[in-house]
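Trainee: Line order of the protein sequences matches chains G and E.
For the first sequence, the numbering used here assigns the number 4 to the initial residue and increments by one for each residue that follows.
For the second sequence, the numbering used here assigns the number 29 to the initial residue and increments by one for each residue that follows.
Check before you lean on any hint, since a few could be wrong.
[What the hints assert, rightly or not] Some chain G residues well away from chain E (every beta-carbon gap over 10 angstroms; in silico): (1) Ala-29; (2) Asn-44; (3) Thr-71; (4) Pro-97; (5) Ser-103; (6) Glu-106; (7) Arg-131.
[Stated by the list, open to error] Restraint-style ranges between C-beta atoms, simulated for each label pair: (8) G:Ala-29 / E:Glu-119: 22 to 30 angstroms; (9) E:Ser-32 / G:Glu-142: 50 to 58 angstroms; (10) E:Phe-35 / G:Met-34: 37 to 45 angstroms; (11) E:Arg-298 / G:Gly-111: 26 to 34 angstroms; (12) G:Asp-240 / E:Val-291: 46 to 54 angstroms; (13) G:Thr-241 / E:Ile-288: 23 to 31 angstroms; (14) G:Ile-26 / E:Pro-176: 51 to 59 angstroms; (15) E:Thr-53 / G:Thr-159: 22 to 30 angstroms; (16) G:Arg-131 / E:Val-183: 29 to 37 angstroms.
Rather than coming from a laboratory, the hints here were simulated on the basis of the structure.
Quick caveat, the model's predicted, so the values are computed rather than measured.
Just so you know, even glycine gets a beta-carbon here, dropped at the ideal spot from N, CA and C.
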Amino acid sequence: MTTETHLDDLAIKTEALSRIYKIRGAKKGEMRERVALEDINLSIPRGELFGLLGPNGAGKTTLIKILTTLLSPTRGRAWVAGFDVVRESDKVRPRINMVSGGETSGYGLLTVRENLWMFAQFYGIPSRQAHQRIQTLLEMIGLADRANTKSSDLSTGLRQKMNIVRGFMTDPEVLFLDEPTLGLDVQAAREVRAFIRRWMDENPSRTILLTTHYMQEAEELCDRVAIIHEGRILACDTPDHLKQEVQHEAIFQLLVETEQPLNSLALENLPGVLRLHHQWMNGGLQLEISLAEEGVLPLVIGELERQQAHLRSLQKRQPSLEDVFVQLVGLRMEEVERERGNGYHPNTQE
Amino acid sequence: MLRSPAFRSFRMAAWLGWQIESNWTDPFLFAIYSIIKPLAAAGILVVMYRVVTQQAFDTPMFAYLYLGNAFYQYVSAVTTGVSWAVIDDREHYRTLKYIYVAPLNIPLYLFGRGVARFLTTSFAVLIIILFGVGFLKMPLALSTIQWPLLIVSLVLGTLMLGLVGLILAGITLLTARHSYYIGDAVAGALFLFTGAIFPLEVLPAYLRPIGYALPITYWLELMRRALVGRVAQAFPTFSALSDGQLLALLALMTLALGIISLVVFRWCERLARERGLIDYTSNY
Ligand SMILES: Nc1ncnc2c1ncn2[C@@H]1O[C@H](COP(=O)(O)OP(=O)(O)OP(=O)(O)O)[C@@H](O)[C@H]1O
Ligand SMILES: [Mg+2]
């Protein structure tokens, strides 16, 4: 097969990878199918920090579970570090590690150091070397002073940091991070991102696949980003290239004061207005508006005046991955998540 | 060898199991839990024996049932010790997926997790037997104990129980939250069929084959023979078989069980991977 030839340079490769979950339907005995991943084709070279960006339920965790040998694919194949994740899973496992955010895992009765040391032993790392690595990583992530604390006495955020060290300490060829900053406060999330970046910079052959639903995180950290939605990859490129797709648009942020509700439809229907998003913010109404070109702006301002909305501030904004997502999906990521929260499952089939 | 995945899986799991098992803030409570409780269970049996048979404690029948009951402690302890680790790691510590991602030998990891329970149970069994000898005048003399037979039978029996535990672990992997007490349930269900407290001849003839099919029955008989040979041989069930023949039967059954349990466990693992159950938690 042609794929085997350059598999060596690839940390991760998938071919038409699909996963369907069987779930119980509303009626008794009825089984329904939910497509979590559909025809995923990815090639991630060694040395890359690759991001999977997508809203809740996009299929990010499902993909990570398949690549880490925890879940079987329904169709298609996948290779990690050159080995098939189904047929050669015992060759994959020594070469990888995985961390999921937003959960408190670990043996609470053991100290931070004991937890980590034990997992190092699971990977066959000699004890002394393990202790050294653990100490270095704990210092890097800012947990060294709690090394001898029972992990049950740690806050959720610190436990997550411990879990992150557990993933990095085995120095895997390919590391999977499933929403590593989920649930962390701003400061801790920043520290974790810096930690991830530093670890990647230390050794150019290291590879990370990271999932996130924070646009900014993907933009800031990742060499390449795949935008995933409803089990499909909609776009995959460097953040800069992705943004170039929407670069020709002019995006403005306006803060307006208005007595009566704004007729946003009238604004959206103006020629040259591509998208409009509005939300209330400390007293005013914040509008975010994408225009086909800057010249459309006077039209918008004219319409606002006609509706007796007073402009308080106006700012041109650089396009972000959020804009890319909106262009691809037609909704903002938070809107997708809100709809999911209301029981909207577009990818459920009878 | 010391760094081989098989050995480190077992060794580290045994270490972890011991940390968990001995993690009682109060050593006194730990003693109550692991010694007084089995001792009390033996006490109930003693009283029942006295009330039902009106016989003295130095009769062969008493030694038969007292020792059978004592060693039966291992059945639920070892099978639960091995299978419980699946629930504990998955539901409580939420580490099962990390264990499964690590380059470990999972069956040996689970065996390792059972070691601590084996040790605490051994201690309890020893106390129960000493109690029987000291206070109830059970006929047991150090000089007549067949040590090699005792040790070989105990090792083989523990392995056999561990393999039963592995089957239960596989079932636990698939049944999510419903199998908390699967080890105790199985031990309880088999108790009367294994000749633990009465010879198989007491059972109706159509139930006896169950007893003959269970390796536990042979193992209990071997443990009794190793400790009180003469007394045990007085009972009809296996009187036609020599110690060596019994041991060979137990070894063969353990071997067969080993193959079956590995196949069953691997099959359960495959299903668990297909259904996404390895990191399933009840309050998902
Ligand atoms: N065990 C399961 N059984 C049935 N359906 C599942 C199971 N796990 C996930 N799903 C469904 O598969 C889809 C993808 O889920 P997945 O967890 O991979 O998404 P995600 O991108 O990781 O989302 P999140 O941001 O919420 O973690 C969702 O529709 C989800 O409801
Ligand atoms: Mg997820």
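Trainee: It remains to establish, for every hint, whether it holds in the given structure.
Mentor: Here is what the structure says about each hint:
{"no.": "1", "hint": "Ala-29", "verdict": "holds, 19 angstroms"}
{"no.": "2", "hint": "Asn-44", "verdict": "holds, 22 angstroms"}
{"no.": "3", "hint": "Thr-71", "verdict": "violated, 5 angstroms"}
{"no.": "4", "hint": "Pro-97", "verdict": "violated, 4 angstroms"}
{"no.": "5", "hint": "Ser-103", "verdict": "violated, 8 angstroms"}
{"no.": "6", "hint": "Glu-106", "verdict": "violated, 6 angstroms"}
{"no.": "7", "hint": "Arg-131", "verdict": "holds, 13 angstroms"}
{"no.": "8", "hint": "G:Ala-29 / E:Glu-119: 22 to 30 angstroms", "verdict": "holds, 27 angstroms"}
{"no.": "9", "hint": "E:Ser-32 / G:Glu-142: 50 to 58 angstroms", "verdict": "violated, 32 angstroms"}
{"no.": "10", "hint": "E:Phe-35 / G:Met-34: 37 to 45 angstroms", "verdict": "holds, 43 angstroms"}
{"no.": "11", "hint": "E:Arg-298 / G:Gly-111: 26 to 34 angstroms", "verdict": "holds, 31 angstroms"}
{"no.": "12", "hint": "G:Asp-240 / E:Val-291: 46 to 54 angstroms", "verdict": "holds, 47 angstroms"}
{"no.": "13", "hint": "G:Thr-241 / E:Ile-288: 23 to 31 angstroms", "verdict": "violated, 54 angstroms"}
{"no.": "14", "hint": "G:Ile-26 / E:Pro-176: 51 to 59 angstroms", "verdict": "holds, 57 angstroms"}
{"no.": "15", "hint": "E:Thr-53 / G:Thr-159: 22 to 30 angstroms", "verdict": "holds, 23 angstroms"}
{"no.": "16", "hint": "G:Arg-131 / E:Val-183: 29 to 37 angstroms", "verdict": "holds, 33 angstroms"}
Violated hints, in rising order: 3, 4, 5, 6, 9, 13; the structure is consistent with all others.
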